[in-house]
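2 protein chains.
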Amino acid sequence: MEFDSRKRVVIENVKPEVDSGRFAIKRGIGEKIEVTADIFADGHDVVSARVLYRKEEEREWRSAPMKLLQNDRWKGEWVAEEVGRYQYTVEGWIDPFKTWQQDLRKKIDAGQPSRTDLRMGIRYVEEASKRALKGDREKLLRLAETLSNEKDQEAVVALSLDETLSELLTLYLDKTFTVFYDRELVVVVDREKALFSAWYELFPRSCSPEPGRHGTFKDCEALCKEVAEMGFDILYLPPIHPIGKTSRKGKDNALEVLPDDVGSPWAIGSEAGGHKAVHPQLGTLEDFERFVEKAKAHGLEIALDLAFQCSPDHPYVKDHPEWFRWRPDGTIQYAENPPKKYEDIIPFNFGSDDWRTLWEELRSIVLFWVGKGVRIFRVDNPHTKPFAFWEWLIQEVKKDYPDVIFFSEAFTRPKVMYRLAKAGFTQSYTYFTWRNTKRELTGYLTELAQTDVREYFKPNFWPNTPDILPEYLQYGGRPAFMIRLVLAATLASSYGIYGPAFELSVTEAIPGKEEYLHSEKYELKHWDREAAGTLRDFIAKVNSIRKENPALQTTWNLSFHEVDNDTLLFYTKITDDLTNMIMVVVNLDPFHTQSGWVKVPVNKLGIDPAQPYLVHDLLSDDKTIWQGESNFVELNPQILPANIFRVRKKMKREMDFDYFM
Amino acid sequence: MEFDSRKRVVIENVKPEVDSGRFAIKRGIGEKIEVTADIFADGHDVVSARVLYRKEEEREWRSAPMKLLQNDRWKGEWVAEEVGRYQYTVEGWIDPFKTWQQDLRKKIDAGQPSRTDLRMGIRYVEEASKRALKGDREKLLRLAETLSNEKDQEAVVALSLDETLSELLTLYLDKTFTVFYDRELVVVVDREKALFSAWYELFPRSCSPEPGRHGTFKDCEALCKEVAEMGFDILYLPPIHPIGKTSRKGKDNALEVLPDDVGSPWAIGSEAGGHKAVHPQLGTLEDFERFVEKAKAHGLEIALDLAFQCSPDHPYVKDHPEWFRWRPDGTIQYAENPPKKYEDIIPFNFGSDDWRTLWEELRSIVLFWVGKGVRIFRVDNPHTKPFAFWEWLIQEVKKDYPDVIFFSEAFTRPKVMYRLAKAGFTQSYTYFTWRNTKRELTGYLTELAQTDVREYFKPNFWPNTPDILPEYLQYGGRPAFMIRLVLAATLASSYGIYGPAFELSVTEAIPGKEEYLHSEKYELKHWDREAAGTLRDFIAKVNSIRKENPALQTTWNLSFHEVDNDTLLFYTKITDDLTNMIMVVVNLDPFHTQSGWVKVPVNKLGIDPAQPYLVHDLLSDDKTIWQGESNFVELNPQILPANIFRVRKKMKREMDFDYFM
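If you're matching them up, the sequences are chains U and L in order.
For the first sequence, my numbering assigns the number 1 to the initial residue and increments by one for each residue that follows.
For the second sequence, my numbering assigns the number 1 to the initial residue and increments by one for each residue that follows.
So here's chain U without its partners, still in its complex pose (with noise of 0.2 Å):
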């Protein structure tokens, strides 16, 4: 420990701070970094702060101001422009004359400045004159001279006080002990999609129009208009990889495997390649940028499935068995979580002796498809690998593509969530897909989006993924459908969903699990796009709701208020400058007209509780007149599960009422 009594400023419980500093925060481009830190001194002098930041390849320091809110608690801000890493970290310092003119302003309310007591205010602008540039030295030293021989105390009081010279003594300040906070905190700066995003899921298989044809990449092309239609954004296909034969699974998972059976496309690797091979039957990989380049043309950017695991046929096995484990009956050892068995899938050994090999070739397969255009991976199963490969693995491919978004596909211990969203994931799934009820669901938002996990790990919301249809959805029906999507796209500004399964309401389920039956995860699909009933409209409205209110393109907005009836959920997403107020009520029961009395936040949205407000569903496009706190609503699911409520308040009083019409 160093020690030295001129350092005396104190900067403590700096935040936002992740397990130290060992983490980087995260936010998207635009998002505000707002720093907090405890920052005093010994005694009674006048302490003074900024935030310092800067890309981490730049040598400058920029800064921006810190004011003192309560408690020896200051606030300073500023806004990351540019994607990337940054640094920041907290200055402060004891300024003297400050200190000097708060005490001279004590004493002046006491009625007893001396000569002395202002003589010694001259002897700071004497030695700010020394440390200033040619034209403020000259400056000062007039003023000093001024000081010294004015007679008039008032007039040297006045002119000691003025807030000019405390500001141009500021800026010759003596720095020599000011204090550095121990730590440079990291931010990682991500491009808008990071933060604000919408994702379908689709397997390009069972993208033909012709029923029991094997789907390409080219037919994927056709759907691009649809689903950039329904107000999509990304588009994320399972692996699109040669799929192993060796102990193949069939329909429904199943040991027994027949001729035509196409196998699980996780069961990445055959004669025809692996990691960086695509499936000969969707086409080539020229095929596979050309749709890449067509999908953007729609507006809608690829994502690619990261699983890191091969099948028993996959090149690598052979290449480098060095990267696997091995029984002692000389067989591969493949994957299983006992009871169960995964014979089709061996993953990788990443205890291996040659695991920097390993490592540099799983790099090299990411680099690959940033190659081809890909910047979205989904990663599979992340947490059956080291968190120190994610760490390095995206770090390493970010140094040059900082524009790349990793989405971890991790259902598993909270912890282990969170460990592997510090570790670098962009986006992560979330438990979002089975908490149903209002207890729930205001619970988990309250511990994503208002503690300090918001500050590493970004929700990604899915109501259903090929491996789960949960219970709610199974029994619900398509009001249930529509109450998931609602939730999932105004809770969370990023989410997802596993269609057509999702838009065509499918339900069936194996008997007693949350697995689909019959699942597109073994087989080939036909899906009847145009069937009656599909929510493919009502989905597209939701996403034009979002993208035309920036109030629901954070996470971070979100608060929950009262409303008297448990099935209803009530809350509020509202921009800082109260441009953007949007109120969402849904209706958690699929099955039963439910009302209540909501209570408007009226005094957060700058409401006078006196004057009338428009609330206009966005939804139904209906437009209601509300007044104060509580109001009512009424929602049946078999019509709409949900309002999405913008309220347009009355500005000025002056104005007409004409104004809601």
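One should not assume that every hint holds.
[Claimed, not checked] Incomplete in silico selection of chain L near chain U, CB under 7 Å:
hint : residue
1    : Ala-110
2    : Gly-351
3    : Glu-396
4    : Lys-398
Just so you know, these hints were derived from the structure itself, not from any lab.
Glycine included, every Cβ here is placed at the ideal spot set by N, Cα and C.
With the hints as your guide, set chain L onto chain U.
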């Protein structure tokens, strides 16, 4: 960042830890150190963990096992048996054999362990044998052989799942890739008085039995018996050094001084010497040393005041002008906090370029008194000196004298007080002095006893000091003194009073202020220690209750409970093993009898709600039979404003009712 694919365990969120390990936690000797941490790995492997600890000067770690609580949170505990500095940290590793056993159990449940599965276990046994000590090596090799040759699969399984086998293998685990927590944390272990102490403050110069004569150390000796009989164990003296004459303050802090005015003991230094001298009228250094010895014979330890400041006559001012601030008119800068001026007191300039020699001199003062047998220092206004100075000083002194106790007299903003505690102060003054209502007391005590603050901030509660006669005491009179004494003595395990002003219930204050009228700080006092109404016996009773009841010897077991009257405060203090259970009820209203129904936490006390239990009021010696949660109390502040119940529960149903009598 060094990455290794094979170091798979994560250890995070370790507690207790102060400011990322920047500061030590504190414990009294014999107190438990419960270490908790989030510990987990990727995948499903079995993780094990332990706490490591050692005295700072030791090389080898000792260890205590950690157990999983829930949600990946682990706990281990140990007890520091010596005074001094210990380090502690956490170690975690993956146990491949236990993982294999866990998988085997699951496979058996599913009915499917294969020969190969079992042979993998043998491989672990063989590997461990290579690392084992001779005797164990043979044992393991024999076991591996038995397992390999045994034809009966059930016998192999039974042998493989044997607990002693897994324990033996744990002993010879390959720990190459064990993971240690990032930081080695520190705990400062103090002697018992740091944890549990009762302080009595008096002015030695007022100890003369003859009115008007300046008291001496000899006079103080004569008072030791009385102070010890009141049950105190620390006798704290305001500064005992020569007092300056220049700018000396008169009675009642008057600027005019009369010839017989004695001045403030905090205006330290005259031609008779400075911080290493004693006031000539108190006696000689030898007298002081004899007094320390005499006090010890009564079980009293002497605490001195460290007031690092000088009178204008202090020898330092001439010998070390570089340690002070000088004004433009050539005068020395006295202490001021505008509009207040303290012309008799000159602060050191810790911003001096010669701060190193100043620090060393101040250390030499502490070591001087340590050399005279003093091991407890009450430090005056530490918040007006740099935090770095205290951190250095306390570490320096405790390096050779780990039994020294530093008590911080900082009545200032909360974060400043907490930072001083982090910097190393053993105990701290608190806001207790101004916390009177139920809401204030429960709020403040919850902050002190139930949050992380308790790891470093050790409260010492004072109902009055020579500087503070709180309004509550001024108006409440004698019952108020009793109330505040019981609160101080039973809420916190360390407390103190400034006497005899306390036991004589002195209430005369400067009008409109919380300061004593005719303060002893500026004049000699002659106290009538035998005055009617003295609280001496009451205090003795409370202190003896503290000594007899271990539950009152720690602050951390405090727990508030409901009572249906807001002027009654009800709390319990219970030892971990439930052998000592104290319930305190205090009437916070010094004027009126108050009554109400308390809600006894019978479950926590292990009391059968259907059975009677005895509550024995240790203050009045009354015994009552209570039953269940709700019980009635009534307190007349003119008689006794509090109950300190010891709970004696019926331990076994078969015991006779006589037990209670």
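Evaluated hints:
1. Checking L:Ala-110 against chain U by beta carbon gives a least distance of about 3 Å; that is within 7 Å, so the hint holds.
2. The closest approach between the C-beta of L:Gly-351 and any C-beta of chain U is roughly 5 Å, which is under the 7 Å cut-off, so the hint is satisfied.
3. The closest approach between the C-beta of L:Glu-396 and any C-beta of chain U is roughly 10 Å, which is over the 7 Å cut-off, so the hint fails.
4. A hinted interface residue such as L:Lys-398 counts as satisfied when its beta carbon comes closer than 7 Å to some beta carbon of chain U; here the least separation is about 14 Å, so the hint is violated.
When the structure is compared with the earlier hints, violations turn up for hints 3 and 4 and for no others.
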